[in-house]
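Please work from the sequences and hints to get the whole structure.
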Amino acid sequence: MNARGLAVGFLVLGLASSACGAERICGACHSFPGFAEPAGAMQGPTLIGLLGRKVGSVRDFDYSDAMLEAGRAGIVWDEAMLRRYVEDPQAVVPGTFMAAPIFRDAAERERVLRQVLARRAP
Amino acid sequence: MRLRQILALVLALAAPAVFAQDKVTTKSWPVPKGSGPHDVAADPKPGGLVYYTAQRQGALGLLDPATGNVEQIPLGQGSAPHGVIVGPDGAPWITDSGLNAIVRVDMATKAIKTWALPTSTGYANLNTATFDRKGVLWFTGQSGYHGRLDPASGKLDVWNSPLGRGPYGIATTPSGEVYYASLAGSHIAKINLETGEATVIKPPTEGQGARRVWADSKNFVWVSEWNSGQVSRYDPATASWRVWKLPGEKPRTYSVYVDETDKVWLTDWGANAMLRFDPAKESFEIFPHERRGANVRQMLGRKGEAWAPESAHDIITVYMFGGA
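Chains A and B, in that order, give the protein sequences.
By our numbering, the letter at position 7 of the first sequence is numbered 7, and the numbering carries on one by one without gaps.
By our numbering, the letter at position 268 of the second sequence is numbered 268, and the numbering carries on one by one without gaps.
These are computed hints drawn from the structure, not numbers from a lab.
Partial list, derived from the structure: chain A residues whose beta carbon lies under 10 angstroms from chain B: (1) D62; (2) D88; (3) P94.
Glycine residues also receive a C-beta, built at the ideal position from the N, C-alpha and C atoms.
In structure tokens, the structure reads:
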């Protein structure tokens, strides 16, 4: 590994070991159990009660047409669906407002996903 | 994609579209499939390179508009670049949310230099950057941070932003003041460039979702409001606001860019269109995107050109105006 590779490696390790939990990553746009909403409206729907919920079905949330169409098609959030969506939102729901995932590394993505799932509503 | 489809796409993109309004023409170029171009920055020199963040491929993209050639420079393992701007040194500067770092690419050597945020800060979800008039780079982190990097000394400071999560777009006015928008916090803030303290300024519409900011030649601060579908203008001299609703049934204003004629360019995800607002006439011109769900998340320009990455289609489009 050259010096640049080493530096990048340290960066990634530092990031992984620092406070980079789901709150910091998902919480910029979503609320979920134990994480209070700011005063303004969030850009994404709440993750509270996500699993088992029909896509595009949070009351009064202003979804993209793509998400509403997916909901009308009967798609429901389960772990497999969520895993695919977080990996590549546009591939799963073309036209969704959500941008690309921040972590391209599969293990890192899984770690954050586990944090979200672990904090789902009782 | 089959060869015939690829040829059809290239031919379609090569043919410039012409809009009746003020002879605005567009031209588009494909960038690597799956790159998800998020932000774009054009070298101020006419005909110069156009940079984009290939967010989904962890790279900085370089588009040569003269030839259509594209090159991508990988930024390292874990990279997911969000914003890119051209610094006063002529180099592209990147806010990399994957690396949690500011990144500079030297265009002569293609060398990459990285400034990581302090470990004590944690993950900032870096968003966008701007340079002040002294050559200091200011940046936002959507997790609730703003900060600065002095490239001369390498000193990097980070502050907790008031009201927490949300800092998104950031811009410098001609007079040298720096403002950022807080999307989740629904406000803009002015940064004290000495102390780093940010002062919250609330637009008149509650919960409007201020997403990006840009300044015109008169130091007015223009704000794209995602939740309200409005564009608003803050006058720092009088601390007063003006607000305009975008046309259409359900506008959602994502990005804002003010060109050298003080016309305000906006992207509306509700109408899937680029808009140009004339503050003097208080009127909008609409330029529908050619492709469904273009998802243009940011704009930046140079004289006579406003550049827009269509993140959903891996395409970069330029809107040419001003007698072009």
